[in-house]
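Full structure from sequences and hints, please.
For the sequence shown, my numbering gives the first residue as 1395, with consecutive numbering after it.
Take the hints with a grain of salt, since some may be wrong.
[As the list claims (entries may be wrong)] Each computed DSSO-like pair below joins lysine-lysine, with the alpha-carbon atoms no more than 27 Å apart:
#1 Lys-1568 with Lys-1444
#2 Lys-1449 with Lys-1511
#3 Lys-1797 with Lys-1783
Hints are computed from structural coordinates only; laboratory data are not their basis.
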Amino acid sequence: MRRADTKEEAAFRAEVREWLEANADRRAVGPPVPLDHSPEAEARHHEAAKVWQRKKFEGGWAAITWPVEYGGRGGTPIQQMIWNEEQATFDVPAGFIAASLGMIGPALMRFGTEEQKAYLPAMLRGDEVWCQLFSEPEAGSDLAAVRTRGEVDGDELVINGQKVWTTSANFAEKGFIVLRTNPDVPKHDGISFALIDMRQPGVEVRPLVTMRGDRHFNEVFLTDVRTPLDHVVNGIDRGWPVTTFVLMNEGAFIGTSSPVDTSAKALIEYASDAGRLDDPIARERLGEAYARDRVLGQLQDRLKAALLDGRMPDVDGSVLKILIAEWGHERAELANWLQGADGLLAGADAPVAGLWQDKVLSRGLMSVGGGTLEVHRNGLGERALRLPKEPRFDRDTAFRDLKTSG
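Next comes the structure, spelled out in structure tokens:
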């Protein structure tokens, strides 16, 4: 059962709702419109997200759980959840800022120097958007295999290499990058974590166009890019703890928003309107989807309850990541199947303005973003089931001596 708000939480929710009512418009009720994935639309959305972030900053809502000394509200995870629930009912831009506030911000608060923490206010205001430069053509799930090089030259680090699947690099002013500074030690030991200026010479960003037509993923080529040594977080060759900390935070910011209700309950209503509830196979599949929605909701409630009580959650975050990704895929496929031949249409010609088709085409985002499902399953096996770790032949081998396909 969903836990009711306490008196204090109800008062906080009322305060949030009052501010949102005064500063944003409610999400419109009516027929959905097709999503626009053009470069012009993405640029408008990006600018709107920065404006909205500044408005939240001025109102004291920019980072609810950040400590007050760093410009946050000093609130609790439950208060952040209340904010998220209330904001979801308003027509406000989402995305683009998540990498700044959800990943690099907390990492700087934990590992950064005072000079590095000076970047935090601009993040909160939305003045500077950051991107995450992690994955490479030969280092995705095995992130410790990064080959982008960082070489010390005086008081600077010179960076050369390639990154891929970098979200919002085409809009970002700053970036945080994982790179190799020492190939003569085992791969986890020779990694550094640095902050760079994305607008400097030597940074080339090439958008990757997805099946939906959007361009928020990018390839990034770095040629003799320089950053001061005091922009290396936690010190040279000590970047892996920072990297794993960022990856743990990333899961909380992987997701998608939609102008249409994508719950199983909404699917049942759509099937009824389409006259499909007489089909026993449709009823069976809808029943499965509804049951999974309930199970997922209960797991999320258990996580929230643990946070409220100050306990370690008994629901591993990887469980939620896997279920949200896999069941979201199945729900989108079910919606398309319920549409019959209309499921082959797109945009304004399709039912619900083609938003379910858009979900089908973007199914890989939830499977890969924030770590592949295979990586999360491996982690669950080790953490939750206490299974032996997979053997690592490279534990004591210098990175330069590892055999690669390159």
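Verification of the supplied hints:
1. A threshold of 27 Å between alpha carbons decides the hint, and for Lys-1568 with Lys-1444 the separation of about 14 Å falls inside it, so the pair holds.
2. Restraint check: the Cα-Cα separation between Lys-1449 and Lys-1511 comes to about 22 Å, which is no more than 27 Å; the hinted pair holds.
3. Distance restraint check for Lys-1797 and Lys-1783: the Cα-Cα separation of roughly 22 Å lies within the 27 Å cut-off, and the hinted pair is therefore satisfied.
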